[in-house]
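Residue numbers (the working numbering), protein chains in the order written: chain A, 1 to 365; chain B, 1 to 420.
It should be emphasised that the hints constitute simulated quantities derived from the structure, not laboratory data. Quick caveat, the model's predicted, so the values are computed rather than measured. This list has only true hints and no planted wrong ones.
Simulated coverage check for chain A against chain B, where a stretch passes if three residues somewhere in it have a Cβ under 8 Å from a Cβ of chain B:
#1 100–109
#2 239–246
#3 254–262
#4 299–310
Virtual Cβ for every residue (Gly too), placed ideally from N, Cα, C.
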Amino acid sequence: MPLRERLRAIPARWILLGLAGLLIVVLLFGVALGPVHIPVATVFSILLHHLPGLEGLTPVTWTSAEETIVWTLRLPRVLLAAAVGGGLAAAGVSMQGLFKNPLADPYIVGISSGATLGATIVLVAGWNVTELAIGSFVLELPELGYGLMSLAAFLAALGIVGLVYRLARTGTGLPLTTLLLAGLAMSALASALTALVIYLSPQQRASIFLWLMGGIQSSWTAVGFVVPAVAIGALVLILWARDLDALSLGDEQALFLGVEVERRKRHFLLVSTLVTAVGASFVGIIGFVGLIIPHMLRLVLGPLHRLLLPASVLGGASFLVLCDLIARTVLSGVEIPVGIITALAGTPFFLFLLVRSKAFGGEFH
Amino acid sequence: MEGLEAPVGGSPFLEEIAFELAPGRFVGLVGPNGSGKTTLLRAILGAWPRSAGRIELDGEALDALPRAEVARAIAVVPQQVGRDFPFRVSDFVALGRRPYFDAWGRTRGEDWEAIRAAMEEAEIEPFAGRAITTLSGGEFQRVLIARALAQTPRYLFLDEPTAHLDIGAQLALLDLVDRRRKEAGLGVLAVFHDLNLAAHYCEELLLLHRGRLIARGTCEEVLTPTAIAQAYGTPVRVRRHPITQRPFVLPLHGLPESPAPGAPLVHVIGGGGTAASLFRLLVGAGYRVSTGVLNLLDADLEAAEALNLPAITEAPFAPISAEADAALQRRLQEAAAVIVAPVPVGPGNLQNLHRAAEYAATGSVILWEPRGLAPLTDHTGGAGAPILSALRANAHRAGSGDELVALLQRLIPTAAPSGG
Chain A
1 MPLRERLRAI
11 PARWILLGLA
21 GLLIVVLLFG
31 VALGPVHIPV
41 ATVFSILLHH
51 LPGLEGLTPV
61 TWTSAEETIV
71 WTLRLPRVLL
81 AAAVGGGLAA
91 AGVSMQGLFK
101 NPLADPYIVG
111 ISSGATLGAT
121 IVLVAGWNVT
131 ELAIGSFVLE
141 LPELGYGLMS
151 LAAFLAALGI
161 VGLVYRLART
171 GTGLPLTTLL
181 LAGLAMSALA
191 SALTALVIYL
201 SPQQRASIFL
211 WLMGGIQSSW
221 TAVGFVVPAV
231 AIGALVLILW
241 ARDLDALSLG
251 DEQALFLGVE
261 VERRKRHFLL
271 VSTLVTAVGA
281 SFVGIIGFVG
291 LIIPHMLRLV
301 LGPLHRLLLP
311 ASVLGGASFL
321 VLCDLIARTV
331 LSGVEIPVGI
341 ITALAGTPFF
351 LFLLVRSKAF
361 GGEFH
Chain B
1 MEGLEAPVGG
11 SPFLEEIAFE
21 LAPGRFVGLV
31 GPNGSGKTTL
41 LRAILGAWPR
51 SAGRIELDGE
61 ALDALPRAEV
71 ARAIAVVPQQ
81 VGRDFPFRVS
91 DFVALGRRPY
101 FDAWGRTRGE
111 DWEAIRAAME
121 EAEIEPFAGR
131 AITTLSGGEF
141 QRVLIARALA
151 QTPRYLFLDE
161 PTAHLDIGAQ
171 LALLDLVDRR
181 RKEAGLGVLA
191 VFHDLNLAAH
201 YCEELLLLHR
211 GRLIARGTCE
221 EVLTPTAIAQ
231 AYGTPVRVRR
241 HPITQRPFVL
251 PLHGLPESPA
261 PGAPLVHVIG
271 GGGTAASLFR
281 LLVGAGYRVS
291 TGVLNLLDAD
301 LEAAEALNLP
311 AITEAPFAPI
321 SAEADAALQR
331 RLQEAAAVIV
341 APVPVGPGNL
351 QNLHRAAEYA
361 ATGSVILWEP
371 RGLAPLTDHT
381 GGAGAPILSA
391 LRANAHRAGS
401 GDELVALLQR
411 LIPTAAPSGG
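Bound conformation, chain A alone (with noise of 0.2 Å):
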């Protein structure tokens, strides 16, 4: 395939930057574009007048609607898009290294279920309360229901995922199939109650499906918590990416290599869990970003995590934020789920990749 080998004749840096890169006009786009157009001119002085110490640097030459809208509404949700994204991503890579396996998933080890049991038994016992009244005196908290919402998904991800771990692990280590078949069991488990629960609540049907769907919130919140998790996460598994290349090849092989096997595949279930989980407790479960990045990076620039992690989390965070911004402009009026469009769009190119490969005998890896 010459265009792989083109691309893999590409030194690793280079590649880098053109992936960050294509990341800051992504997002530079997401903020600008939008059922109001904003010139990415306004955007980049809004910005710089955002900036500690420049505020003075230009001149205010734009609305404050417009304002309101870069740096309350849109910059936060890119941000948001762009981690939870780049999360997901090298979540992915993670766990289809440490499962040789590149049909695995962020969610595997039943994450999304968990996540959503959370949120689901938060918005069914009405816990997502905007306000909090001490005697007489109300206090006005606007986020505070999503933060609920959010803190319940994150420990309830957190939960099952700590029980599969609990479940798989022997004496002596974690074996993955086990760990895998837990995961599936506990997923199921998880699913079939938070059936249960949205049987019994019939009102709340239709907010728990649109969580079940993804959407991206304009939560500074939110961008609080997922940008540094996900960041010093990414930068964790990047630094133990030869470690991964080893796990990839098997435990024993690991081993020889001067892994810590056991140790280190610990430590990437739970890195991976966190980047996973937090984004998930704020933006719901969007699903196919940490299947489909991972594996059509790894596709055209080889398995070596060294490379393939940092690209993941870049191209992961530009596709999201693509993603999100198709979902809200697409039909004017309505936003669709993320969830939907990153199906809608990232199947059919990954379809194309495996029916390409295919035709170049195999290798779809």
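Given chain A's structure and the hints, the job is docking chain B onto it.
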């Protein structure tokens, strides 16, 4: 102290096993399938449970060392490695440097040098840029060796490194390892299926059977027919390789049982490999068989010795001496029949044919004239012609194995052949 001391105990399946691997030594681990060879390697390396025995790596307890330090000392070439991801060959070899990386995973000059040297030694540079998933089994085996060499270990464990290779590639690969051993003092512990390959390279062998160490020592001490029969359940004869003088194991599987001591004796006159196929046929038909006079190093003599047949021998390329001739005459008095293979007749072995012709005057001689072999020919320049024509006049002829056995049974009515 330097070396790897491995007392392995408290392990499922493996009994107490102890051995040492000194730097620069080549130790072979042999034994039948399922005897615990791979398991022993894994137990030493901590990939198989083990509760007793303190394994010492250059004087330090292996279990207490960080895995990276163990990997800097011991590299492993496994039997099989899943190729789930298409790593580039050079990247795959570079994984051998994993135990040397610092927390930031940076590759330093000495890492590149080790990778380059390993790829050069294993001669895999021509496909350095290819994906490992596209390599043949033999090519991938060399890549695995290169990765292990890039690890610059002090000890190398090879788990049946040559299982998928042709004989030339096997030797090339083991030579490569052996060179590192001689040049860098690498201690090698290698699992072998092929005992002759093991004998060719190893200074010491460990023979495992059902998780127990049943023999340990030099190749000569370990490769005995008794030990091999016990471990592998098959009869063998142990010879010496004609050139290297290393023990050489010949499987005797499918060979007939020795005939009864009272069975009639058939003497075979052959040479140059013309009679080799007869021995097995005749022993199988229940006859005692002898042969000679044969020169030492003759192919027929090798075959006769493999079957433990008594043979009258003469020095290499020497004509038949008076002593050998006398021995032949004594043997012919005892023989119930004589078979003459289509041997080229020259001055050196003419005496054999002379005695056969004499015997034919009173006893049964069969000329063995199988298809595919030129018939008995005279190369003496005339001196042998009368002897050969006398022989032809009195001898029976057989052109196939069945014909020969049927003829013998008619000629020696007292015989009660078994089997065949």
